[in-house]
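Q: The listed protein sequences derive, respectively, from chains A, B, C, D, E and F.
Per the numbering used here, the first sequence runs over residues 249 to 380.
Per the numbering used here, the second sequence runs over residues 249 to 380.
Per the numbering used here, the third sequence runs over residues 249 to 380.
Per the numbering used here, the fourth sequence runs over residues 249 to 380.
Per the numbering used here, the fifth sequence runs over residues 249 to 380.
Per the numbering used here, the sixth sequence runs over residues 249 to 380.
No lab work stands behind these hints, which were simulated from the structure alone.
Just so you know, not all the hints are guaranteed correct.
Each pair may be met inside one copy or between any two copies, as identical chains are not told apart.
Stated by the list, open to error - Pairs of lysine-lysine, DSS-like flavour, derived with a Cα cap of 25 Å:
1. K302 / K342
2. K266 / K302
3. K342 / K313
Protein chains: 6
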Amino acid sequence: MSTVSLLSDADLSPAAAKVFADIRATRQTDFVNNFWRALAHDPALLERTWSAAKQVMAPGALDAKTKELIYIGVSAAHGCDYCIASHTASARAKGMTPAEHGELLAVIAMAAQTNRLAQALRVPVDAAFEQP
Amino acid sequence: MSTVSLLSDADLSPAAAKVFADIRATRQTDFVNNFWRALAHDPALLERTWSAAKQVMAPGALDAKTKELIYIGVSAAHGCDYCIASHTASARAKGMTPAEHGELLAVIAMAAQTNRLAQALRVPVDAAFEQP
Amino acid sequence: MSTVSLLSDADLSPAAAKVFADIRATRQTDFVNNFWRALAHDPALLERTWSAAKQVMAPGALDAKTKELIYIGVSAAHGCDYCIASHTASARAKGMTPAEHGELLAVIAMAAQTNRLAQALRVPVDAAFEQP
Amino acid sequence: MSTVSLLSDADLSPAAAKVFADIRATRQTDFVNNFWRALAHDPALLERTWSAAKQVMAPGALDAKTKELIYIGVSAAHGCDYCIASHTASARAKGMTPAEHGELLAVIAMAAQTNRLAQALRVPVDAAFEQP
Amino acid sequence: MSTVSLLSDADLSPAAAKVFADIRATRQTDFVNNFWRALAHDPALLERTWSAAKQVMAPGALDAKTKELIYIGVSAAHGCDYCIASHTASARAKGMTPAEHGELLAVIAMAAQTNRLAQALRVPVDAAFEQP
Amino acid sequence: MSTVSLLSDADLSPAAAKVFADIRATRQTDFVNNFWRALAHDPALLERTWSAAKQVMAPGALDAKTKELIYIGVSAAHGCDYCIASHTASARAKGMTPAEHGELLAVIAMAAQTNRLAQALRVPVDAAFEQP
């Protein structure tokens, strides 16, 4: 159970309702997932988080699917179960294939092991890697 | 300073030297970075790690640059300074532009904040996100 | 399910029972939560952990509610679901308002994103921030 | 060394320069720390991050010093050296005393140990802690 | 629910079935746990992960039980619920006593608190600890 | 540089001096490392941390070297550079051989990768692993 109640549409403040309307319009679906329903208790936090997510996750120099893959990588490293579940669903909706999912998992595993090895070995950064 | 010495080419065991030769052949450069020089004390660990990295980071369903972006995302979430430095250099060598780097950073920041929000709120996973 | 059984009062060793009595006296309630029931298998660890918690979380230079807020921040960053649930309840019992909870969540989100940005950017510490 | 160059005032784009002007006006100092100089390569990310930080860290239901303490707690749990250095300096500038710093450290240590104990023990959340 | 289906024996590709046969032969049991059933969607990842696990977790300079204790320590610090559950069971199967479990938990708690203290204090490494 | 000054022996309060005397007597060396010199600003925190460390890291059901190995595993997963440096030195002083160090690193790498895989896959815990 969440640490705050999940607000139904009927419970929203006008400010939160406005954000929900934008979520629905942007995503072209009536479905609003639990994350936003929990955040809706604090309309300023809801608005800031949604507005940043909308901007950041839209296609730009990187396409939307690639952004989802990076997002899943970060979420796995942070151990966020909710985020892994929701963004794996998003990545699939944006076209992630089973083969791509498998390679994403392999990169996450690879990074996790070399990250902890480099830290346990205290490897100094090579001069060649420093930004000139 | 690292927790083990960084082995020079002259210090390598035959098994480690064989891995270094493959690193050089695969990457088509004489340069072998410190991570492998620290791992070289344990040829089995060196061989297993290099062989997995070579397989995982090669282009497949995902291209090599996308894999580097995911790698950087995981490394940032794990706070691995060495890995961030070395893979940011790799990503650039594979064509990451400043605009792509900026968007990568934005996705990392976005995921970090929503990861910790979802955890602090203990948001339950929506039924819609469960794999059928 | 926990990795050890949760001990009922009837199962406690005399050393563990003594700690439970102090938990009840200090908190002025008969309720002893699962964390202590799991720790009770190792009375030395139980005693050391409770005794530190009692000392650290009591009002001092910082008031008890502020300490709970910091505790929740650390627990969110560690992804500890149990700790988030129990200390959010504690913070509320010590007077945390919905507005304070919202701002706590906003600070956690802010720190999470700038933490990972500063790490991904490898920002060097400014001389001005070094302790003189 | 950072993964991007730290921009001097002369190197800023007009959009980044506008954010720097607001940082200086808000903080009433000419000093702009390295974090913003690294972010300045991506004016949209710079603007979004600064604007959120300005809003979140200002006094509200929680005072500015308490927010810094929470920030340090999260940053310690994320192992962000830059953030610990900069926000410990900020907290002192906002009046954090040595006694408060000591208690902050004690709460961080307490949370870290109980977080990992609760996770290693897989303690189930008590019904009493669930939000009604 | 997992982000991929858990494959039953009947669903396995020939490559995955070969790995399952080796898991069964190595462990001398018919039981194959969920982790491998989820990985089995990607036979290359399954094979690489199992082959590394088999090699790394076998008795060597360190005995198999000690390796499980280290594994649990890392898993607790990463907050991996599945890994804590499965490797606590493994450690018990390899002879971990309740007293050893209690001391393992105490070391995890000790490391967690001093790790975050050393980071929050930014303690510089003593010259005496540097590898000569 | 640390966030507090590192206290020399001449700067210690009587309470801190008493702890330093016990550190020296217990370890049978005059050397007191920086971690304790930073903690010494808060004698209560210093005393509590040292007293717990002394108790926890002493040989018991697990020998002192095994405890150091677990400690290094947790510290690597937390990315604590100071702790990795100091406890790798401690483990060597307690007899850790290069072969044992190599296997420790291999277990850390193994756990790191399977931890993040299990989390990214959201693998449900097998009934067989639940504590009866």
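Q: Hints broken by the structure, by number, lowest first?
A: Of the numbered hints, all hold.
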